[in-house]
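Visitor: Please build the complex by placing chain A on the supplied structure of chain F, with the hints as guidance.
Listed in order, the protein sequences are those of chains F and A. Start counting the first sequence at 1; every next residue gets the next number (the numbering used here). Start counting the second sequence at 1; every next residue gets the next number (the numbering used here).
If you're looking for bench data, these hints aren't it; they were derived computationally from the structure. It cannot be assumed that every hint is accurate.
[Unchecked claim] Listed below are the simulated DSSO-like cross-link pairs for lysine-lysine, each with C-alpha atoms no more than 30 Å apart in a straight line: (1) A:106 to A:53; (2) F:57 to A:103; (3) F:13 to A:103; (4) A:55 to A:68; (5) A:106 to F:57; (6) A:53 to A:68; (7) A:68 to A:103; (8) A:110 to A:55; (9) F:57 to A:68; (10) A:106 to A:68; (11) F:57 to F:13; (12) A:106 to A:55.
[Said to hold, decoys possible] Quick partial rundown of chain F residues pointing at chain A, CB under 7 Å, derived from the structure: (13) 42; (14) 43; (15) 45; (16) 56; (17) 58; (18) 88; (19) 104; (20) 105; (21) 107; (22) 109; (23) 110.
All of these numbers come straight from a predicted model, not from anything done at the bench. All residues carry an ideal CB built from backbone N, CA and C; glycine is no exception.
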Amino acid sequence: KAGVTQTPRYLIKTRGQQVTLSCSPISGHRSVSWYQQTPGQGLQFLFEYFSETQRNKGNFPGRFSGRQFSNSRSEMNVSTLELGDSALYLCASSLVSGSRPNYEQYFGPGTRLTVT
Amino acid sequence: KNEVEQSPQNLTAQEGEFITINCSYSVGISALHWLQQHPGGGIVSLFMLSSGKKKHGRLIATINIQEKHSSLHITASHPRDSAVYICAVRPGWGSQGNLIFGKGTKLSVKP
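Excised from the complex, chain F in its bound form (with noise of 0.2 Å):
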């Protein structure tokens, strides 16, 4: 089965822009959850997804956004861009969410954020 996949793995803006970044979960899974992770703060979870509903938030502004397609892939997006959005994102999917308390995650790669 291919692993978690996120694109781009690299990507650099300009402060004010704003960035779409896409996670395809492994097949069969549903539940899709994003983290940002910087020297500073370290891993960090921005939001969860499951069967296109958003589940869960973390603290982050609301120019951090997402969404989950029917076939479970999910992108992020973060408009108006800062310095201190630099970061690498990483999403994670799950097998299943809700039922059951416990889950295992496998993460993607991770796209590494540069705003300058």
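Guide: Frame of chain F; chain A shown alone:
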């Protein structure tokens, strides 16, 4: 105070040494994860624990729910074990709790 604390932050070992990384947390959890991140960013999930002990090859993870503490042990360490090891907890019950991460332990194993 962070909800998930890891120690040590950095660890250098000689090949073959036994290694222990510790994780303490302050919230009630439904599960604890140990993750491995190599340079370049890719993260691999090593263990998911809710009680007791799990073993996979040279890696052993234990958790003490009452003491809110988990340890990751690496036996017969090897340079390829060099990576950042991250502890993450899922608070509460059900899937509603977001993962909360520790800051990671950077391990370097010298040949």
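Visitor: Next pair to validate is residue 68 (chain A) with residue 103 (chain A); report whether the Cα-Cα distance is within 30 Å.
Guide: At roughly 17 Å apart (the allowed maximum being 30 Å), residue 103 (chain A) and residue 68 (chain A) satisfy the hint.
Visitor: Measuring from the C-beta of residue 104 (chain F) to each C-beta in chain A, is the shortest one below 7 Å?
Guide: This hint holds: residue 104 (chain F) lies near chain A, its Cβ roughly 6 Å from the closest one there, short of 7 Å.
Visitor: With 7 Å as the cut and Cβ atoms as the points, is residue 58 (chain F) at the interface with chain A?
Guide: holds (6 Å)
Visitor: Measure nothing beyond the straight line between the CA atoms of residue 57 (chain F) and residue 13 (chain F); if it is 30 Å or shorter, mark the hint as holding.
Guide: holds (24 Å)
Visitor: Next item in the hint list is residue 88 (chain F). Is there a CB on chain A closer than 7 Å to its CB?
Guide: Given a least distance of 5 Å, the restraint on residue 88 (chain F) holds.
Visitor: Measuring from the C-beta of residue 107 (chain F) to each C-beta in chain A, is the shortest one below 7 Å?
Guide: Cβ of residue 107 (chain F) sits 4 Å from chain A, so the hint holds.
Visitor: Against the 30 Å threshold, does the CA-CA distance of residue 55 (chain A) and residue 68 (chain A) hold or violate the hint?
Guide: holds (20 Å)
Visitor: Hint check: is the beta carbon of residue 42 (chain F) less than 7 Å from a beta carbon of chain A?
Guide: holds (5 Å)
Visitor: Could you grab the alpha-carbon distance between residue 53 (chain A) and residue 68 (chain A) and see if it respects the 30 Å cut-off?
Guide: Status holds; Cα separation ~14 Å.
Visitor: Under 7 Å, Cβ to Cβ, is where residue 109 (chain F) needs to be relative to chain A, so tell me if that hint holds or is violated.
Guide: For residue 109 (chain F), the interface hint holds, since the closest Cβ of chain A sits about 5 Å away, which is under 7 Å.
Visitor: Tell me if the straight-line CA distance from residue 106 (chain A) to residue 57 (chain F) falls inside 30 Å.
Guide: Satisfied, since the Cα-Cα distance of roughly 28 Å is no more than 30 Å.
Visitor: Straight-line Cα separation of residue 106 (chain A) and residue 55 (chain A) no greater than 30 Å?
Guide: holds (21 Å)
Taken one by one, the earlier hints all hold for this structure without exception.
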